Amino acid sequence: MTDGLSKNGSTRGQALARRMDEIADGVAALHADAVDRDARFPHETFAALRQAGMLSAGVPEALGGAGCALRELAELCTILAQRCASSAMILAMHYIQVACIVRYRDHSAPLADYLRRLAAEQRLIASVTSEVGTDGDMRRSITALQSAEGRVTCTKHATTVSYGLHADDLLLTARRADDAPDSDQRLILALSGGYRLDSTGAWDTLGMRGTCSPGGVVTLEGESWQVLPAPFGDIAAATMVPVSHILWSACWLGIATDAAARARAIVQRKARSDQRAALPAAARLANVDGKLQLMRGDLGAVIREHEDATATADARLMSSLGLAIRYNNLKLNSSRLVVEIVTEALEICGISAYRNDSESSLGRHLRDALSAPLMISNDRIRQNTATLHMVYKNR
Amino acid sequence: MDRSEIEHHVRDVVVGLNILEAPERLAEQTSLYDAGMTSHASVRLMLALEDRFDLEFPDEMLQRESFESIDAITRAIHAVRSGVTSA
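Residue numbers (the numbering used here), protein chains in the order written: chain G, -16 to 378; chain C, 2 to 88.
Just so you know, the hints here were simulated from the structure itself, not pulled from any lab data.
As the structure is a prediction and not an experimental result, all values here were calculated from the model.
Treat the hints with care, as some may be off.
As the list claims (entries may be wrong) - Distance condition first, Cα-Cα at most 20 angstroms in a straight line; then the derived DMTMM-like pairs of lysine to aspartate or glutamate: (1) G:LYS376 x C:GLU8; (2) G:LYS376 x C:GLU61; (3) G:LYS376 x C:GLU6; (4) G:LYS376 x C:GLU66; (5) G:LYS253 x G:ASP165; (6) G:LYS376 x C:GLU57.
Bound-form chain G, shown alone (with noise of 0.2 angstroms):
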């Protein structure tokens, strides 16, 4: 499984894939359908993970963490998506938040000890960035930080917290301050024992039911240092965007390689026995593989750039409206790719693969794949794209 995006990755990437391998089909796989089933963490697989260290591969290696590239971590999400989905997009979620503050933590000392702590401890961060009246909008908050004598306290009401229950840290963003509009926000980290998070609502939904995301009400307190120091437009636009797209990107190619994995053995087991019989069925599954090369062709094209972006010394290249764009289409590409795969599969495999009781069911896949277009909804990012387009040059 491991043949995937990364061909010059660390050492200590590789042996990190390798191990995501045993713990893919050794323990997410037993855990995936029941998790399905009863719309509950995954609690198992994160036990797993974190006993490999899993949650710190992102986090430098002179901080206690693996190190691992953006390439790497995407490997990382897409095997495990193979097996289990939702526990694959709240790694990829969780390694999101850490992106942000490994690359905005700046000479923060609180915040180095923090991603040192995570390491150490294997802390699992979910995002708040949702609000209630916001219209869906990441870059608007309502809810104002109140900030004296190095102590900062909100109250924040969110439509989604992904796994907020089974997490130890969140990271939310709020309006800096009570006279700041809508757009000048920060992030902040809120500690456990420091925060209090009620859940609104249930989480019953088609797919990716693992991810335990409801809405809540969260109740911060904490100290100034647990600000994030940069504005989050700046955050948003040259990390947690990119990395959210690559990253889901990432857990929707494993989706839609295990479909077409399971598609694949279905019409090599029908030719065996009836080349003939097996052609159309082929047919459609070579139709399958070129859109799998599609989706892996743009994402792995997609972090080469970012990383070019990231590695380079004008940093003001990391807000090109030029990235912006590669960036969106990313993910319209890669979310409508996963669907027609799992589709296209499901029609290869037949009624055994539309059967929920059978070894070769694609039911899951399918539901899970069916997020992709709605998380972050597809019309809002096509939306922002036009707004680019009119004035982006392409040249």
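Dock chain C against the given chain G, drawing on the hints supplied.
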């Protein structure tokens, strides 16, 4: 057009678009994003500036920082008009 004329026009465009909460109190260096400019509004601003100054911003200038403040925009326009872009 000298720098202060450019700045005058830039300010006029920014105020005219009505994308900020209190545009008349903007200092040269004030972050427009902190003053409430969304990324959607920043594109409207780019288009309005291209129209007012009859120029095209090259892609490498289309980034957050180039439109961060009245001062940054004035410098960007000055650079495009005098043909000195970072391309």
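So, going through the hints one by one against the coordinates:
1. G:LYS376 x C:GLU8: violated (25 angstroms)
2. G:LYS376 x C:GLU61: Holds. G:LYS376 to C:GLU61 sits at ~10 angstroms (cutoff 20 angstroms).
3. G:LYS376 x C:GLU6: At roughly 27 angstroms apart (the allowed maximum being 20 angstroms), C:GLU6 and G:LYS376 break the hint.
4. G:LYS376 x C:GLU66: holds (18 angstroms)
5. G:LYS253 x G:ASP165: violated (59 angstroms)
6. G:LYS376 x C:GLU57: holds (9 angstroms)
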